[in-house]
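Visitor: Below are the chains, spelled out letter by letter.
Number of protein chains: 2
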Amino acid sequence: MIKKITIIGSGNIATKLSLALKQSKLNIPQIISRNPKTGLLLSKQTESVFTNNFNNILPTDLIIICINDDHICSVIKSLPDIAMVHTSGSTDMNVFIDKKNYGVIYPIQSFNTNLDIDFQKIPICIESNNKIFGEKLINLGNQISKKVFYLNSEKRKHIHLSAVIAANFSNFCYLIAKKYLDKQNLDFDLLKPLIIETAKKAVIQNPFLSQTGPAKRGDQKIINQHLEMLNDKNYKKIYKLLSENILMEYGK
Amino acid sequence: MIKKITIIGSGNIATKLSLALKQSKLNIPQIISRNPKTGLLLSKQTESVFTNNFNNILPTDLIIICINDDHICSVIKSLPDIAMVHTSGSTDMNVFIDKKNYGVIYPIQSFNTNLDIDFQKIPICIESNNKIFGEKLINLGNQISKKVFYLNSEKRKHIHLSAVIAANFSNFCYLIAKKYLDKQNLDFDLLKPLIIETAKKAVIQNPFLSQTGPAKRGDQKIINQHLEMLNDKNYKKIYKLLSENILMEYGK
Numbered sequence: 459m460i461k462k463i464t465i466i467g468s469g470n471i472a473t474k475l476s477l478a479l480k481q482s483k484l485n486i487p488q489i490i491s492r493n494p495k496t497g498l499l500l501s502k503q504t505e506s507v508f509t510n511n512f513n514n515i516l517p518t519d520l521i522i523i524c525i526n527d528d529h530i531c532s533v534i535k536s537l538p539d540i541a542m543v544h545t546s547g548s549t550d551m552n553v554f555i556d557k558k559n560y561g562v563i564y565p566i567q568s569f570n571t572n573l574d575i576d577f578q579k580i581p582i583c584i585e586s587n588n589k590i591f592g593e594k595l596i597n598l599g600n601q602i603s604k605k606v607f608y609l610n611s612e613k614r615k616h617i618h619l620s621a622v623i624a625a626n627f628s629n630f631c632y633l634i635a636k637k638y639l640d641k642q643n644l645d646f647d648l649l650k651p652l653i654i655e656t657a658k659k660a661v662i663q664n665p666f667l668s669q670t671g672p673a674k675r676g677d678q679k680i681i682n683q684h685l686e687m688l689n690d691k692n693y694k695k696i697y698k699l700l701s702e703n704i705l706m707e708y709g710k
Numbered sequence: 459m460i461k462k463i464t465i466i467g468s469g470n471i472a473t474k475l476s477l478a479l480k481q482s483k484l485n486i487p488q489i490i491s492r493n494p495k496t497g498l499l500l501s502k503q504t505e506s507v508f509t510n511n512f513n514n515i516l517p518t519d520l521i522i523i524c525i526n527d528d529h530i531c532s533v534i535k536s537l538p539d540i541a542m543v544h545t546s547g548s549t550d551m552n553v554f555i556d557k558k559n560y561g562v563i564y565p566i567q568s569f570n571t572n573l574d575i576d577f578q579k580i581p582i583c584i585e586s587n588n589k590i591f592g593e594k595l596i597n598l599g600n601q602i603s604k605k606v607f608y609l610n611s612e613k614r615k616h617i618h619l620s621a622v623i624a625a626n627f628s629n630f631c632y633l634i635a636k637k638y639l640d641k642q643n644l645d646f647d648l649l650k651p652l653i654i655e656t657a658k659k660a661v662i663q664n665p666f667l668s669q670t671g672p673a674k675r676g677d678q679k680i681i682n683q684h685l686e687m688l689n690d691k692n693y694k695k696i697y698k699l700l701s702e703n704i705l706m707e708y709g710k
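So the sequence lines, in the order shown, correspond to chains A and B.
Each residue of the first sequence is one higher than the one before, starting from 459 at the first, in this note's numbering.
Each residue of the second sequence is one higher than the one before, starting from 459 at the first, in this note's numbering.
So that you can see chain A by itself, here it is in the shape it has in the complex:
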């Protein structure tokens, strides 16, 4: 059973995951990070030892690599052959190919804030190179989340792509709306109930049924009026492309 877990990284995902593990009474002997400031802070929160030396790893059952995708391969090379996973949605499991026990723990969530998050509600995708280790990872996942799935790298990548579209792109739409309102000296607060309600509706029913607006209705007059109002040529392009696709989707 996995009881002692070493965390590599001290960014948002490392922090949220460490705190969730700690809350589930798992032991984090060590935080390893290149950033001494965030690394020391996290090691204090998790009551663990901080180091930035990858050759000085304390006894552990599992290493969780919570760093940017770009650096995963180079970090793996400098690690001894201890059971290890990464937390990336888009990095293949076979980056670990030379090690004995390895896998992935990918939480389907974006971590970028100081806001509290209930890890128990976050779906976690597990993958492993062998069954026994996979069962250990699932067991660990079950301790921090109520929704644990076993999925291969390909399916995980599909989920990651759809998560980028559903979350990162929708957030960018909120940002465009905010910037437009700022310019008109109108308060973004006006849209907040609408944003929350739209997300809730898509989740309770189905985003196909939840769609509203001029493009859904095929109201070309309003679409043209909006395109004229948008001075920013990039936002105009986005408005046009998304409206064209909504018109197509609803056969207007």
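Hints are computed from structural coordinates only; laboratory data are not their basis.
Because the structure is a prediction, the values reported are computed rather than measured.
Built from N, CA and C at the ideal position, the CB exists for glycine as well.
Hints should not be assumed to be uniformly reliable.
Only pairs whose alpha carbons sit at most 30 angstroms apart, straight line, appear in this in silico BS3-like list of lysine-lysine [stated by the list, open to error]:
no.: 1; chain 1: B; residue 1: K605; chain 2: B; residue 2: K502
no.: 2; chain 1: A; residue 1: K613; chain 2: B; residue 2: K695
no.: 3; chain 1: A; residue 1: K641; chain 2: B; residue 2: K579
Computed list of chain B residues with no C-beta within reach of chain A, every gap over 12 angstroms [to be verified]:
no.: 4; residue: P494
no.: 5; residue: Q503
no.: 6; residue: D519
no.: 7; residue: S532
no.: 8; residue: I534
no.: 9; residue: I540
no.: 10; residue: N559
no.: 11; residue: N588
no.: 12; residue: A660
no.: 13; residue: K674
no.: 14; residue: D690
Here the structure of chain A is known, so what remains is to put chain B in place on it, guided by the hints.
Guide: Structure of chain B alone, referenced to chain A:
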């Protein structure tokens, strides 16, 4: 004071608004609608008389026109000179120009479902052609919502445009993600906590700070991988355009 309100229309906004008025103990003597099926249903819910005859209006303090933007002008022409408003985000108030007392009650929300909605939380934008009637409308607004604003047609149109971007476009992003997952035999449920959390974060802090994902990080490798994975050429175009704009926004 406005006590008796006639509703024209029996679609989603007519229904949600009528029920909110009814709940605030306002009297709805009559529902006027071209659609006898939804019109009769709504008149039962509001304990009012149904008619599809615009020449047969019972005594009333206010007519609220809750119909598609395209038909507002023609309906106004067939109405007697009773105080009246429409509920559109994008139709100018001056469509009423020949009448004595007129205005707008625009709730910033999209109504398209059978889901319950708490009208008290919906911001309502009010506009009117004279001060006395405006005060009556504000008073009415305050009875159904905690957030009532007085705004001119131009500002209301800006809000409507930003609402389309923030809500309709983000919902369409959810829909693209769902369709992509459906194709891969993966469950849309996996994204639901992420969608809710993303909306909450944008509302609690600021969508600029909430942005995450490959484009925010400037991770061109993942962006290219995703573009290859997306077979649909339209979705590819949307992914590319939004990512380019996020890259620009964050100077990557």
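Visitor: Give a verdict on every hint.
Guide: Evaluated hints:
1. B:K605 - B:K502: holds (29 angstroms)
2. A:K613 - B:K695: Roughly 22 angstroms between the alpha carbons, so the hint for A:K613 and B:K695 holds.
3. A:K641 - B:K579: Between A:K641 and B:K579 the Cα gap is close to 25 angstroms, so the pair holds against 30 angstroms.
4. P494: holds (22 angstroms)
5. Q503: Check passes; 21 angstroms lies beyond 12 angstroms.
6. D519: It holds; B:D519 is separated from chain A by about 28 angstroms at its closest Cβ, greater than 12 angstroms.
7. S532: holds (14 angstroms)
8. I534: Holds, because the least Cβ-Cβ distance between B:I534 and chain A comes to about 17 angstroms, which exceeds 12 angstroms.
9. I540: holds (27 angstroms)
10. N559: holds (26 angstroms)
11. N588: holds (24 angstroms)
12. A660: The claim is violated: B:A660 sits with its nearest Cβ about 4 angstroms from chain A, within 12 angstroms.
13. K674: violated (7 angstroms)
14. D690: About 10 angstroms separates B:D690 from the closest Cβ of chain A, which leaves it inside 12 angstroms; violated.
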